[in-house]
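We have chain Z; now place chain B onto it with these hints.
Chains as they are written, first to last, in the working numbering: chain Z, 1 to 162; chain B, 1 to 162.
Possibly wrong hints are sitting among the right ones.
One copy or two, either will do: identical chains are not told apart, so a pair holds if it fits within one copy or between any two.
[Said to hold, decoys possible] As a list, the in silico DMTMM-like pairs of lysine to aspartate or glutamate whose alpha-carbon atoms are at most 25 Å apart:
#, residue 1, residue 2
1, Lys-47, Glu-32
2, Lys-121, Glu-25
3, Lys-121, Asp-140
4, Lys-121, Asp-77
5, Lys-47, Glu-19
6, Lys-47, Glu-100
7, Lys-47, Glu-25
8, Lys-47, Asp-77
9, Lys-121, Glu-100
10, Lys-121, Glu-106
11, Lys-121, Glu-102
12, Lys-121, Glu-133
13, Lys-47, Asp-108
14, Lys-121, Glu-19
15, Lys-121, Asp-135
16, Lys-121, Glu-148
No lab work stands behind these hints, which were simulated from the structure alone.
None of these values were measured; they are calculated from a predicted model.
Each chain, letter by letter, is given below.
2 protein chains.
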Amino acid sequence: MSGLVLHPLNAALIPLLGEWQGPGEGTYPTIESFSYGETLVFGHVGKPFVAMNQRTSARGSGLPLHAEAGYFRPQGDGTVELVVSQPSGIVEILTGSITETEAGVEVDMSSVGVHTTPSAKLVRETRRRYVAEGDTLTCDFWMAAMGEPLTHHLRSSLIRRA
Amino acid sequence: MSGLVLHPLNAALIPLLGEWQGPGEGTYPTIESFSYGETLVFGHVGKPFVAMNQRTSARGSGLPLHAEAGYFRPQGDGTVELVVSQPSGIVEILTGSITETEAGVEVDMSSVGVHTTPSAKLVRETRRRYVAEGDTLTCDFWMAAMGEPLTHHLRSSLIRRA
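In isolation and in its complexed conformation, chain Z is listed as follows (with noise of 0.2 Å):
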């Protein structure tokens, strides 16, 4: 995807862009707290979206856990959407603010829609941080679900790797 022209509304999330990989942590008040290996994906095709993959998987065996698929969209006046779709059976509506920082960027982004298929876990609002520095990355992730309020569910920590 590397060989198209940049849009400019992509401009301020140049630093995302690339492949990122580390280890992270899920805690949540109703479950045990885990750990996983992360993979996540930023890329381009030349139109104003960023499209994002990313794909965990279970320390020790290798195995896969969570995935999920979607794309950022930068309005060009500071703010960002984003849809996320998972495998879990959830869909998600954010918005929020792109900000440029003296090593990379910051986007911090809150639902404003969460929607679930028939068969999957209710979840009724999430919020989704993104902060790179240079080559590390921090992702952080709230959701309310189970009865709980707005709660921080992961945070992971990445190398760029691409």
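Below, chain B without anything else, positioned relative to chain Z:
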């Protein structure tokens, strides 16, 4: 992803698995008809879902047009759920049926929810049908948008590449 054992719930979707390519045609009452090239990949990681990743490009220039990513969730009773996100700022939740045929499978689904980001064009309703027969796959997409009722929008005729 092919080194992992297929989850039994995915058995009826085996005819979809792989990479498909071919031409498509788009029509809608509010726009000029257009043609495109499509690449569509269905994969699994041993869990009870099938990941879908699609992209289209303009005939001639080869420049990217549409893209989407999602997950099929077969329920084991002949029904299936699908979540999809699109860079146009749309997420879809669909439910429908998996019908095994002599030469493959037909998956026909209608939206139970279509949701859009604040800046996206409104889509009220969608229907998707995927018909695999051996090494050919026919994809149809209907949508209700721009004030039109549910109307056929896209058809692509793909050949298995992998």
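Outcome of the hint check:
For a Cα distance limit of 25 Å, the shortest separation of Lys-47 from Glu-32 across copies, 21 Å, qualifies, whereas the shortest one inside one copy, 41 Å, does not. In this assembly of identical chains, Lys-121 and Glu-25 lie within 25 Å of each other by CA distance solely inside one copy; the values are 21 Å within and 37 Å between copies. Proximity of Lys-121 to Asp-140 under the C-alpha cut-off of 25 Å is restricted to the intra-copy arrangement: shortest distance 21 Å within a copy versus 29 Å between copies. In the homo-oligomer, the alpha carbons of Lys-121 and Asp-77 lie at most 25 Å apart only across protomers (19 Å), although the nearest pairing inside one protomer, at 35 Å, exceeds that limit.
Both within a single protomer and between protomers do Lys-47 and Glu-19 lie at most 25 Å apart by alpha-carbon distance, with minima of 19 Å and 23 Å respectively. In this assembly of identical chains, the alpha carbons of Lys-47 and Glu-100 lie at most 25 Å apart only when taken from the same copy (21 Å versus 38 Å across copies). For a Cα distance limit of 25 Å, the shortest separation of Lys-47 from Glu-25 across copies, 21 Å, qualifies, whereas the shortest one inside one copy, 33 Å, does not. In the homo-oligomer, the alpha carbons of Lys-47 and Asp-77 lie at most 25 Å apart inside one protomer (17 Å), although the nearest pairing across protomers, at 40 Å, exceeds that limit.
Proximity of Lys-121 to Glu-100 under the C-alpha cut-off of 25 Å is found in neither arrangement, the shortest distances being 35 Å within a copy and 28 Å between copies. In this homomeric assembly, Lys-121 and Glu-106 never come within 25 Å of each other (Cα to Cα): the closest approach is 29 Å inside a single copy and 27 Å across copies. Proximity of Lys-121 to Glu-102 under the C-alpha cut-off of 25 Å is found in neither arrangement, the shortest distances being 40 Å within a copy and 35 Å between copies. In this assembly of identical chains, Lys-121 and Glu-133 lie within 25 Å of each other by CA distance neither inside one copy nor across copies; the values are 34 Å within and 34 Å between.
For the homomeric pair Lys-47 and Asp-108, the shortest alpha-carbon distance inside one copy (22 Å) is at most 25 Å, but the shortest distance between copies (30 Å) is not. When the C-alpha separation of Lys-121 and Glu-19 is checked against a cutoff of 25 Å, the pair qualifies neither within a copy, at 30 Å, nor between copies, at 30 Å. In this assembly of identical chains, the alpha carbons of Lys-121 and Asp-135 never lie at most 25 Å apart, being 35 Å within a copy and 36 Å across copies at closest. Taking the shortest Cα distances, Lys-121 and Glu-148 sit within 25 Å of each other inside one copy (13 Å), while across copies they are farther apart (33 Å).
Hints 9, 10, 11, 12, 14, 15 from the list above are not met by this structure, while the remaining hints are.
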